[in-house]
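Visitor: This is what each chain is made of:
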Amino acid sequence: MALGDKSFFTPFSTLLNIFKKTLTVAYPKEDINVHGRPGASDNYRGMHTNDLEVCIGCGTCSDVCPTAAIVMQDTGEDENEIDPTRKPEQPVIDYGRCCFCAFCVDSCPSGSLSMSRDYIYTSPSIEEEPLAELEWKVNKFTIKPDANHEEEKSWISEVDLAWLDYVRSDMEHHSPEKRVQSFIEIVHGFSRQQALKEAQRCLECGICTRTCPAHMHIPEYIRAIYDEDLKKSVNIMYETNPLPAVCGRICTHKCETVCALSHRGEPIAIRWLKRYAVDNVKDEDLREVATKNKDVIKSNGKKIGIIGSGPAGLAAAYYLSGMGYQVTIYEKHPKAGGTMRYGIPSYRLPDEALDREISQIEAMGVEIKLNCEVGQDKKWKDLKQETDAIIIATGFPTGRSTRIDKTNNPNVRLAITMLNEIRLGKEIDVHRKIAVIGGGNVAMDIARSMARLQKDKFGEVDITVTSLESREEMPADDEEIEEGKEEGIVFKPGRSPLEVKIEDEKVRGLEVCRCLSVFDENGRFSPKVDKNIRECFPATMVIEAIGQAADYSFLTENEQNLLNIHRGTLMIKDGYQTGMENIFVAGDIVNGPDVIHAIADGHKAAQEMDTWFFGKRNLPLKKAPLE
Amino acid sequence: MYLPDGYTTLTKRAPKDDREVYDLFFGPNHPGMHGNFGYVLEMEGTQIVRVRPNAGMLHRGFEKSMENKRWVQNLSLIPRVCVPDPDPNEVAYCQAVEAIMGIEAPRRARYIRSVVLELSRLGSFLMGMGGVGGALGHYSIMYLMMESRDRILDLFEELTGGRVYHIYNIPGGVRRDIPPGWKQKVLDLVDHLEKRLPEYDRLLYENPVVHTRLQGLAPLSAEEAITSGIVGPNLRASGVKADVRVDAPYAAYDEIEVNIECSGGGDALARAVQVRMDYLEAIRIIRRLLAKIPDGDFKLDLGNLMKLKVPAGDAYSKVESSKGEFGYYVVSNGGMKPYRVSVRGPSLPAGLYLCHKHLPGMKIDDVAVWMATLAICPPDIDR
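Chains as they are written, first to last, in the numbering used here: chain A, 1 to 627; chain B, 1 to 383.
Just so you know, these hints were derived from the structure itself, not from any lab. Treat the numbers as computed from the prediction; the structure is a model and nothing was measured. Some hints could be false.
[Said to hold, decoys possible] What follows is a set of in silico ranges between Cβ atoms, one per label pair, in the way DEER data are often shown:
1. F614(A) / D301(B): 20 to 26 angstroms
2. D51(A) / G102(B): 35 to 41 angstroms
3. Y339(B) / D51(A): 35 to 41 angstroms
Cβ coordinates follow ideal geometry from the N, Cα and C atoms, glycine included.
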């Protein structure tokens, strides 16, 4: 680099600088207006702002924070009273640690958290806020972000920019044309790749755990799936649920409806992940996990009789045998499983999956007496004498009738009975045109089962499903309805059945009228109908699927009185104990028809019975550590 | 305790002490020192006799910390390895992760990365050139360059949300797309920066005081520079045409013309002049990049980044920073956290080894020039 030319005047050239515009600005006299308006840019990562109405308290911000600046603070709300889609927690940020990386914003599933253009923060001086010194030091930098900087939002959380995966892995199905031809299982199950991708999506916030009736440790077993340790995953499942493969197929997945990702995207396919883990774990690993304590359990000499081998009975038997009880289940059908086997069609729950899990429960030492109906093959009196305690888990085995005109015709059937017959392999009288009354999952089950039988017999499907509820209100799963439509079933929701049309003792159709509303203002069942708008669905068979009920006919009247059973309703104490102290109940009888509720009930009834026998000697269930 | 030759515990008295040789602590608390690093100089009058680098005070355990954080969480820590020029760290780390995963960032992301890297280089050069001025007592030049650097930071703020620590690159791309109008602002800025160069020349490069002070100071021959691991502008100042952008192109550099020139000479002046040449070339590269920047995605969809798993394997990724080759060696055992991350800082050889040869014989006031012209950055040593 050449040196500049020097002359006599060179020193004076500096005087020219007097006329130059200065590079610095005098704030606040002159505006610092670099980004089109005073202040920081529109993308600045300044102080946090959090929309507390939207925040779900999932704690993902706290998890991702690389400097551990964010902690979740309890809001003091009662966990059971708030909206189940959120936790009673809110983030609090220690600005002494925060590095303003905005990872929390990019990971926020609800989009409540953002950063603002505001970056100046002054704390009150000690004089103004005379707190104890230590407390002051802590409070000075620890702030709970709220809508304070809402108007100056800059680095915001958007679905496209988020670090989360809002889209589910696709689950492969058989095509409608193929599946309607047989009772083959519809869903294929996740492949390894799909399962790993799906497991990666989980934020491990645990909102689902609270909502699951069995409080399964969902984030933990999903993490184990992600770590490709299926044995560990299934082990975690068995802590709270001895029928994971069943739940992995037919659970009502309340967990998914509250998933943190569901606020802006699709929830995690928790049910399919569970199914993937159980289906793919090795047989010997499953056996080892399911019966892991068998060798060290000491018998406590108590004999328990369980009536019914449905989900509640099996769950109670599994956990009781794990506590040292000698358990015998009495099942009136030729195979164990209850509604899971004789109510749910095999295209949703194939026998192999059920058998595999029941065999684990049997391996725990539970004896299942098949074809043994209490009241007939086994007298109630004998049962009471032989056992120290009894659990009634008979479920809801009978269907309810609409009691409209002319339902006493032999071609007007109850869904539950027919599903039973189909699963028992009995000869079914299949008609060309069928009308089904009901909008729940049982209505879907019978309609779709009959569709398969129709297809097999006549080569075509002609089934009309009608329900009081409108399409949006129908209690059946959306996917069930959509799949039913694909299989050729016609849905006519929002109609109330009036009478079954009968000519010459033969069913000719179902007459319905418009149903205006199902529930009144208080949410009580009180349908309002307009009888002027009528229509008739031609059918030679009508199936009623409007609900199920308990059946205590195996008890004599005297016994029913002893158990406080009046008009088909059993009175129970707080919990699962009946009026007779050594008789417990579990399952549908307590909480209505739902598999996961039944499993949870079975588990809780087992624990309660143990407490009743021995006092509180059980250790609480421990959560498996994540890492 | 074992100490290698040349390292001692800090005794206050030198072996030959009869008040002729004394120990002088140059740093960590000294305006001519960069960061929390120091030289313990054995002085005879104002002349250096021996030097003992005194590292360890900055130690924040970057590498070890990275083993305890998840793959993306590390990105908030990584830019802190080099404050004036943070982006090469981010890019090198992300490229290493991408290499192990067998993925490549989208083309647009690679262009954005290159623009960010060049802007970061400009900012760092301004700080470096200003640092040379500051070391020589020419503070005006430093103030002017800081003002120019601030304009670059304004653009960083608009693009990345942060001024100094951008935390902008993620495995598979960048966090945000270029905002509307930003490209034009960059073009306007580089025009402005180029226009400022004559004034910098007058103040710094044509200044006889600067020439006198820098000429012949700490000369590095090409051979010495290569054998001792000097990289980047300092290596080019010794006459070796080497640049990672040309030798092993990454990001968008394989599609862009990069002309490297050498000032030659190898002394402090050559190194200072080399920075100016590279600065001008960076301005040109930014123009070339912005002219060709393609449309498309700016990041890949890697799912939930928090639970990102990187398959078992290792990769070394290098990036030409303002100081030369910045390398990240990353090892994964297939988990959600790195098994090992090793940082190759470009100024480590000069700061730690070459000082033993070159500092003896210098005056005290040349130490700051040594630090500034070789761009010695303590986190390269203490990481």
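Visitor: State for each hint whether it applies.
Guide: Taking the hints in turn, this is what the structure says about them:
no.: 1; hint: F614(A) / D301(B): 20 to 26 angstroms; in the structure: violated (54 angstroms)
no.: 2; hint: D51(A) / G102(B): 35 to 41 angstroms; in the structure: holds (39 angstroms)
no.: 3; hint: Y339(B) / D51(A): 35 to 41 angstroms; in the structure: holds (39 angstroms)
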